[in-house]
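Asker: Below, each chain spelled out in residue letters.
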Amino acid sequence: MVRETPVLTASGLTRIYGRGCSDCVRLTGDAQGRNICPACGSVVALAEVSFELWPGEILGVMGESGSGKSSVVKLLHLDDRMTAGSATFRESDGRSHELAQVDEVEIRRLRDTRFGMVHQNPHLGLNFGVSAGGNIAERLLCGGERRFAVIRETALGLLDRTEVPRGRIDHQPGQFSGGMQQRLQIARALAPRPELLFLDEVTTGLDLSVQARILDLILEIQRELGVAMIVVTHDLGVVRLLASRTIVLRHGRVVEAGLTDQILEDPQHAYTQQLVMSAL
Amino acid sequence: MTPTSDVPQTNPGTQFGFLDDFAVREIRRGLLKALAIPGYQVPYASREMPIARGFGTGGMQITLAIATPEDRLKVIDQGADDSVNAVSLRRFIAASCPELSTVTRTPEATIIQTRHRVPERPLVTGQIMVYQVPYPDPLQIVEPSEAKRRASHAHGDYARLWVKLYEDVVRFREVAISNRYPARVAGRYVIDPSPIPRWDLPKLHRSPVAHLFGAGREKKLYAVPPFTNVVPLAFDDVPFEVERFHDAAGKRNRCQRCGADDTFLDEIPLTGQASRWQCNDQDRCSENLGYPNGA
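Just so you know, the protein sequences line up as chains A and B, in that order.
Adding 5 to a residue's 1-based position in the first sequence gives its number in the numbering used here.
Adding 1139 to a residue's 1-based position in the second sequence gives its number in the numbering used here.
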């Protein structure tokens, strides 16, 4: 299980919305205090973001609203294509994929079998037209499983794992509480045994006790399955609990990166200092 | 596809088969493409016909585009040769294709245009099945956007259709699709085999004849070439099953007209007494009786 290569190497991730110009990157960023290019009006959502993610690691991506943290996940989950830069995803069987270049068929395969995505809003991550079991089944069916009994058993196992009562397997997600919908999303994301899990603001909007159970669940999953995760959040508590390393984004740039404890105890960048101060 | 120097000469006064030569050429080309890519839905410019779209214009355009004066045409609707739709379609095609003969006996036909049924009598080389299709896309029940459906077909992604099967098995312990049962053709595209009952679906598997599907309203053509695998979608441990015609005691109902126990039966409910069961395929039933009325 221990590998010496990162699961994911991102270097120079850049996403510009708009026609873009040669000065976009130079005229925006943290030092300039803006992410809209004054020359051409394009939005520089993300520029020159680089990091590595190692097997079994949880990386925190922190930042204020509009800082580009969700864009990181969108680009890596291939919901959106990067304008420049590269990201290499390495499967445990040794195959590696350059995410800037993969084609539609490969995108589908990676999303269906290698990646898992948990959205802040369960309506984005779940199909509310089918039962809880159907939601999990869809992921298994994408992966080519054609035995009904196996699908059923796997779904029940995942519901156990995520503490959704077995008896709710045939209920519609619309009948679930918010916390249960979120746990079902996690079960669905885990179904094909992904190697990389994206968690986008998974606890935002849930009450504290529910938050705590979901965070516990994520930690247990990491310990048991060794899945590498990227956790996007604006909540300091979440990164403190989950992430061993964290990057802090502002105006689409990495303004601070390092061990989570170090960042939270001894923030170097003015913005991070302000963030930590306001939380404590 | 733009007509170039060899534009067909159309003479509306004596046009065989109603369609102009442009239309015939386009439909034939579409059919060749459909046969070359089994199960793929080929878009085509469905022509205005003298009947409304949704009444079998897709099948009719195929028949008119492939018919020759030597052909013998059989038209059935729900297994019957003499229902209003079948009669009207047959009359129109016969009127616009002089010298083409119309028949009702399955083995005599070279082209069989159908809605809802495949004849019970095994088809033989030399015959062509033409289906009138209301909804050509099997993904239509799970995905409203055609653009997304086309992407799914291109990627071979039928997961949402499988989820529908999963949900059915959970709720009803079997797949609750009585007709239009999705089937994978030649291991690649999944087709909607038009509203034929499940009973008829195995007849498409490695059939010796070409099965041509036309959806006039939806402007699509697709095909199952001869001797091609047609496999219904089913879980490994929940096998595909055809309709059963058994009474409460578990005994197979027979046709009460010809006595057959190997055909797709219609149940005719009768007030105050037990239902009557009868072959749905009218020609097969009469054939079993030795054609008593000379039909």
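Since the hints were derived computationally from the structure, they do not count as laboratory data.
Positions of the beta carbon are idealized from the N, C-alpha and C atoms, including for glycine.
It cannot be assumed that every hint is accurate.
Below, a sample of chain B positions facing chain A; criterion: calculated Cβ distance under 10 Å [what the hints assert, rightly or not]: (1) A1233; (2) H1294; (3) Y1305; (4) R1310; (5) F1374; (6) V1381; (7) E1382.
Some chain B residues well away from chain A (every beta-carbon gap over 10 Å; in silico) [claimed, not checked]: (8) Y1179; (9) A1290; (10) A1298; (11) A1325; (12) H1344; (13) Q1412.
Asker: All the hints need checking, so say for each whether the structure fits it.
Answerer: Right, here's what the structure says about each hint:
| no. | hint | verdict |
| --- | --- | --- |
| 1 | A1233 | 47 Å, violated |
| 2 | H1294 | 5 Å, holds |
| 3 | Y1305 | 5 Å, holds |
| 4 | R1310 | 7 Å, holds |
| 5 | F1374 | 4 Å, holds |
| 6 | V1381 | 19 Å, violated |
| 7 | E1382 | 21 Å, violated |
| 8 | Y1179 | 17 Å, holds |
| 9 | A1290 | 8 Å, violated |
| 10 | A1298 | 4 Å, violated |
| 11 | A1325 | 18 Å, holds |
| 12 | H1344 | 18 Å, holds |
| 13 | Q1412 | 40 Å, holds |
Hint compliance for this structure: hints 1, 6, 7, 9, 10 are not met, and every other hint is.
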